[in-house]
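Please put together the full structure from these sequences, using the hints given.
Protein chains in written order, with the working numbering: chain H, 1 to 402; chain D, 1 to 166.
These are calculated hints, taken from the structure and not from any lab test.
C-beta atoms are modelled at their ideal positions from N, C-alpha and C, and glycine is treated no differently.
Heads up, some of the hints might be wrong.
Here are the simulated distance ranges between beta carbons [unchecked claim]:
| # | chain 1 | residue 1 | chain 2 | residue 2 | range |
| --- | --- | --- | --- | --- | --- |
| 1 | H | 133 | D | 77 | 49 to 55 Å |
| 2 | H | 150 | D | 95 | 34 to 40 Å |
| 3 | D | 7 | H | 312 | 26 to 32 Å |
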Amino acid sequence: MATLSNMASAEMTEAGTMVLNMGPQHPSTHGVLRLLLEIDGERVVRMVPDIGYLHTGIEKTCEAKFYQQVVPMTDRIDYLCPMTNNLCYVLAIEKLLQLEIPERAQWIRVMLNELTRIASHLVWLGTHALDMGAMSVFLYCFREREDILRIFENVSGQRMMTSYFRIGGLALEPPLDFFDKVRKFAAIFPERIDEYENLLTSNRIWVERTKGVAKLTAEDCISLGVTGPPLRASGVDWDLRRDMPYSGYEKFKFKVPTSTEGDVYARYMLRVAELRESIGMVKQALEGLPSGPIKTEDAPKVVLPDREKMKTQMEALIYHFKIVTEGFAVPAGEVYQAVESPRGEMGYYAVSDGTAKPYRVHMRSPSYANLQALEKMCVGRLLADVVAAIGSIDIVLGEIDR
Amino acid sequence: MSNTAGRIEPAITDIEQLKDHPAMARLLSWKRDAITEAKFDRDELTITIDRAFIRDACNILKPEFNFLSDVTSVDWLPSEPRFQVTYHLLSHKLKERVRLRVMLPGGQPTVESIISVWPAANFFEREIHDLMGIRFIGHPNMTRILMPDDWEGHPLRKDYPVEGYR
Numbered sequence: 001m002a003t004l005s006n007m008a009s010a011e012m013t014e015a016g017t018m019v020l021n022m023g024p025q026h027p028s029t030h031g032v033l034r035l036l037l038e039i040d041g042e043r044v045v046r047m048v049p050d051i052g053y054l055h056t057g058i059e060k061t062c063e064a065k066f067y068q069q070v071v072p073m074t075d076r077i078d079y080l081c082p083m084t085n086n087l088c089y090v091l092a093i094e095k096l097l098q099l100e101i102p103e104r105a106q107w108i109r110v111m112l113n114e115l116t117r118i119a120s121h122l123v124w125l126g127t128h129a130l131d132m133g134a135m136s137v138f139l140y141c142f143r144e145r146e147d148i149l150r151i152f153e154n155v156s157g158q159r160m161m162t163s164y165f166r167i168g169g170l171a172l173e174p175p176l177d178f179f180d181k182v183r184k185f186a187a188i189f190p191e192r193i194d195e196y197e198n199l200l201t202s203n204r205i206w207v208e209r210t211k212g213v214a215k216l217t218a219e220d221c222i223s224l225g226v227t228g229p230p231l232r233a234s235g236v237d238w239d240l241r242r243d244m245p246y247s248g249y250e251k252f253k254f255k256v257p258t259s260t261e262g263d264v265y266a267r268y269m270l271r272v273a274e275l276r277e278s279i280g281m282v283k284q285a286l287e288g289l290p291s292g293p294i295k296t297e298d299a300p301k302v303v304l305p306d307r308e309k310m311k312t313q314m315e316a317l318i319y320h321f322k323i324v325t326e327g328f329a330v331p332a333g334e335v336y337q338a339v340e341s342p343r344g345e346m347g348y349y350a351v352s353d354g355t356a357k358p359y360r361v362h363m364r365s366p367s368y369a370n371l372q373a374l375e376k377m378c379v380g381r382l383l384a385d386v387v388a389a390i391g392s393i394d395i396v397l398g399e400i401d402r
Numbered sequence: 001m002s003n004t005a006g007r008i009e010p011a012i013t014d015i016e017q018l019k020d021h022p023a024m025a026r027l028l029s030w031k032r033d034a035i036t037e038a039k040f041d042r043d044e045l046t047i048t049i050d051r052a053f054i055r056d057a058c059n060i061l062k063p064e065f066n067f068l069s070d071v072t073s074v075d076w077l078p079s080e081p082r083f084q085v086t087y088h089l090l091s092h093k094l095k096e097r098v099r100l101r102v103m104l105p106g107g108q109p110t111v112e113s114i115i116s117v118w119p120a121a122n123f124f125e126r127e128i129h130d131l132m133g134i135r136f137i138g139h140p141n142m143t144r145i146l147m148p149d150d151w152e153g154h155p156l157r158k159d160y161p162v163e164g165y166r
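This is the structure:
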């Protein structure tokens with residue numbers, strides 16, 4: 001993060017270009033991203049992203065918390081996909097502990113993760129279209145997003161900061177009407193995707209603004225660490241859910257949409273296709289949901305006991321007291337767990353020294369790496385395309401600054 | 001008795017037993033001396049590389065492990081060498097990961113930048129420089145990235161209080 005003293009000035013440089021300051025308070029930067037742009041007329045010559053305005057030191061804070069206390073902080077990293085971050089963190093710690101998770105918990109995790117992906121893509125689609133002047137799409141997208149947030153509230157008690165996953169399973173069995181609500185949503189949603197597509201896919205203005213804009217080649221993506229939809233839109237067929245499955249994704253049938261265009265329009269089409277795949281997976285999870293426990297039962301020192309057991313069993317009460325007051329020790333070691341977040345590869349690197357608090361937690365956030373490609377996308381293009389480029393990598397600043 | 005129910009297999013640290021792993025095989029056929037340690041734990045391979053060879057080792061692995069996922073660091077205060085820089089490489093072809101790590105001394109920790117191998121390392125290395133105070137030699141823009149430019153100290157170091165200096 002740079003200090004305010006080197007804010008850009010409106011004076012012309014020797015080369016006849018102008019240095020322009022965009023952000024940090026700019027609606028199309030989706031948070032507090034500051035860009036220093038050197039422009040020649042309306043063409044971008046150079047771009048320097050300046051980040052750090054949302055840095056809250058989450059990685060440092062994690063080191064002072066018990067393992068189970070870190071879960072609520074993972075929500076706040078990427079506030080558009082809390083469940084994905086919850087999942088990635090608990091998977092990393094479960095890998096450290098080598099815990100087996102019951103199937104039912106895994107399936108519910110997948111179902112909620114795909115709903116999260118839909119909610120996140122809806123915010124992306126709404127704001128991205130809004131940036132480019134299509135106001136109504138935003139209203140349509142937020143209508144369905146609201147439905148998903150209601151589902152989240154129903155299952156976890158919170159609309160956005162869900163913290164519903166626990167190390168060893170889920171917090172609680174979902175309420176009885178939860179599955180009906182998801183089923184109802186899954187039934188109407190495919191039509192709603194058609195509605196968004198009607199507004200945009202063949203809309204002349206939208207096509208003009210997005211086709212051929214902010215192109216990236218497959219080589220650029222790989223060398224710059226780009227993951228997620230921008231990578232797939234550039235022709236690299238790579239999705240962690242299919243290629244390195246976690247949490248039971250190998251049991252689901254889904255296609256991984258790809259494209260070779262590598263422009264903003266390709267990323268739009270790809271995410272819309274992902275919406276359809278995700279809702280398909282939600283339906284599969286509803287149909288095939290196994291019955292059984294929602295948390296591991298053979299790890300009493302890690303997983304909180306049921307309320308009922310605490311009233312009847314002495315040991316359960318003791319374990320509960322110990323987990324809450326002194327946490328649980330995790331055997332020393334280091335793991336890296338990655339999941340396919342709506343934005344790309346979300347990775348958690350956790351190091352344990354054998355105590356009840358993580359020695360080090362590092363989050364590899366997809367937006368952080370994807371932001372590096374922004375200069376490549378924008379140089380030589382018009383200033384107005386910068387807005388399209390930022391929108392197309394679906395940037396979340398909370399995740400970049402952590 | 002350990003505090004967990006998970007049954008953890010003991011880690012394999014014998015280089016001989018690990019030589020069939022694609023990353024290991026590549027490095028061994030290039031330079032055995034560059035590897036100071038190897039460990040296979042919880043299904044993940046960690047190779048410790050001599051700090052002088054990290055960039056070359058990345059170059060050797062790149063044809064197979066084509067994607068740099070992450071670069072990060074750990075502070076092992078008070079042990080010496082104090083700092084660890086961790087690289088996570090991913091192979092799209094083999095669908096496999098490998099973790100490289102370099103150990104650095106506590107005073108003046110420096111290591112060669114791998115920007116020439118993967119430009120993706122740019123922000124990751126700047127972040128480590130900012131939060132952990134490790135210098136990357138050959139990095140074109142070794143400045144702070146998350147903290148303000150005039151910040152003192154490196155917050156992720158273990159001797160930096162969680163609440164900050166008040």
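Hints, one by one, checked against the model:
Here the CB-CB span from residue 133 of chain H to residue 77 of chain D is close to 53 Å, well matched to the stated 49 to 55 Å. Checked against the given bound of 34 to 40 Å, the beta carbons of residue 150 of chain H and residue 95 of chain D, roughly 38 Å apart, stay inside it. At about 29 Å, the beta-carbon gap between residue 7 of chain D and residue 312 of chain H stays in the expected band of 26 to 32 Å.
Hint check: no violations occur; every hint is consistent with the structure.
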